[in-house]
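Heads up: the protein sequence lines correspond to chains A and B, in order.
Using my numbering, you'd call the opening residue of the first sequence number 813 and step up by one each time.
Using my numbering, you'd call the opening residue of the second sequence number 813 and step up by one each time.
Careful: at least some of the hints might be erroneous.
Identical chains share a label here; the pair holds if one copy fits it or two copies do between them.
Claimed, not checked - Here are the simulated DSSO-like pairs of lysine-lysine, each with C-alpha atoms no more than 27 Å apart in a straight line:
no.: 1; residue 1: LYS1045; residue 2: LYS878
no.: 2; residue 1: LYS878; residue 2: LYS829
no.: 3; residue 1: LYS1052; residue 2: LYS1015
no.: 4; residue 1: LYS913; residue 2: LYS942
no.: 5; residue 1: LYS829; residue 2: LYS1045
no.: 6; residue 1: LYS987; residue 2: LYS913
no.: 7; residue 1: LYS1052; residue 2: LYS829
no.: 8; residue 1: LYS889; residue 2: LYS1045
no.: 9; residue 1: LYS987; residue 2: LYS1015
no.: 10; residue 1: LYS1001; residue 2: LYS947
I should point out that these hints are in silico values taken from the structure, not numbers from a laboratory.
2 protein chains.
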Amino acid sequence: MENNMEKSVEERIRSLKGRLIVSCQALPEEPLHSSFIMGRMAVAARQGGASGIRANTAEDIREIQKETHLPVIGIVKHNYPDSGVYITPTMREIEELMSVKPEIIAMDATGAMRPKGVSLAEFFSQVKEKYPDQKLMADCSTIAEALLADQLGFDFIGTTMVGYTPQSQGNRIEKDDFAILREILCSVKHPVIAEGNINTPEKAKRVIELGAYAVVVGSSITRPQLITREYAKAIEELEKGD
Amino acid sequence: MENNMEKSVEERIRSLKGRLIVSCQALPEEPLHSSFIMGRMAVAARQGGASGIRANTAEDIREIQKETHLPVIGIVKHNYPDSGVYITPTMREIEELMSVKPEIIAMDATGAMRPKGVSLAEFFSQVKEKYPDQKLMADCSTIAEALLADQLGFDFIGTTMVGYTPQSQGNRIEKDDFAILREILCSVKHPVIAEGNINTPEKAKRVIELGAYAVVVGSSITRPQLITREYAKAIEELEKGD
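Modelling step: build the complete structure from the supplied sequences, incorporating the hints.
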């Protein structure tokens, strides 16, 4: 039974290979914040051809699992006063996620210290000790971080944080035809999930073509306030005489 | 009082000039069908810089008015067995809309017969007789239809149906640098609202630049299933060896 369960998770994860994962997240301050809405967003994503969902909080994931039965990359975003790490920073968020058992749990792997001064390596071994079968994804921002995560034994290496940390500032996932992704792809043993600023179908196609295991697209599908902003900005250019 | 109310509607409509209107619609068969979700979508649109909302059904409009206070172009989509006209086809839909009084009511103006064999001209005069102060928008698909709607006295001429009727098949709003829009703009007296397949910020900017009074953008902001489809299609091209 245990084996079947495991095999099923493996199969579900394999169904993501070469495919699109849609990130359905809305933080409390965002207009679509609501597990009900995220569940419907995930249905929309599935209808459009998504093979998996990335989602935040056990509550949202539970709703998404109920509504879509798609494999999920789960995270819990939480801000602690003593650390800049906010994507699944502590065991508390791991426990929350284990209550809904997403196929993959993703966490910050940028090398910044977690709350109470816990390092990524320490945290990784705590999680693996308690949940040895849980697949884990490392949200990295640089090649060095990707290499470390790969050595630690993360099941998936993600480019989620490229451009979003001080050490990756000015870099962008798409820069020089995805140079950072290509470098990571040829340096690590574990499969790489492309994520972070993938905001056009062409970019999504290109990262799969380059060899990413899967691609995660978020805001340009599920954050209408940001999509609207692109339209409003284009129109405002006219007023500035551009 | 009556005058103040009218003036206020006029002012609210003027606030749309040169601006973005976001269409927030989800039909019963769509994953986001829910007045609650459409209300939150409208909040997201306002947050992103939308100046108005186009919406379907009194229920959705009521929620959107409560959540955003933005001016609304209201429609009611309803299919009748004896007509292909489904955007505000009869007085029943007008009455439904008048229960929430959107600043503008839009209706099919493609020249097709409405239910019970009522022509556009007959319907327009029925509506104007009962609600002389209500601003009306004509959803047209061809230049001839736009000219007729203009002569009938519609307050706004819309390109909503270009490409979506038998008589406009093969045409697209953006074709030949928006040839149909430019022709309508220099042929009609009333302001023109660009709508229909405006799915990039560049197109939205261009139609305003050409002189459209406002631009309505819908699916590419508020239909995540269609946005997802574009991504999934791009990735699928790889499997076809493209």
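Hint check results:
1. In this assembly of identical chains, the alpha carbons of LYS1045 and LYS878 lie at most 27 Å apart only when taken from different copies (26 Å versus 37 Å within one copy).
2. Proximity of LYS878 and LYS829 under a CA criterion of 27 Å is satisfied intra-copy only: 22 Å inside one chain copy versus 44 Å between copies.
3. In this homomeric assembly, LYS1052 and LYS1015 come within 27 Å of each other (Cα to Cα) only across copies, at 18 Å, whereas the closest approach inside a single copy is 30 Å.
4. In this homomeric assembly, LYS913 and LYS942 come within 27 Å of each other (Cα to Cα) only inside a single copy, at 14 Å, whereas the closest approach across copies is 59 Å.
5. Within a single copy, LYS829 and LYS1045 get their C-alpha atoms only as close as 36 Å, which misses the 27 Å cut-off; across copies the closest is 15 Å, which meets it.
6. When the C-alpha separation of LYS987 and LYS913 is checked against a cutoff of 27 Å, the pair qualifies neither within a copy, at 35 Å, nor between copies, at 50 Å.
7. For the homomeric pair LYS1052 and LYS829, the shortest alpha-carbon distance between copies (16 Å) is at most 27 Å, but the shortest distance inside one copy (45 Å) is not.
8. In this homomeric assembly, LYS889 and LYS1045 never come within 27 Å of each other (Cα to Cα): the closest approach is 29 Å inside a single copy and 31 Å across copies.
9. In this homomeric assembly, LYS987 and LYS1015 come within 27 Å of each other (Cα to Cα) both inside a single copy, at 11 Å, and across copies, at 26 Å.
10. Taking the closest pair of Cα atoms, LYS1001 and LYS947 come within 27 Å of each other only inside a single copy of the chain (15 Å); across copies the shortest separation is 64 Å, beyond that limit.
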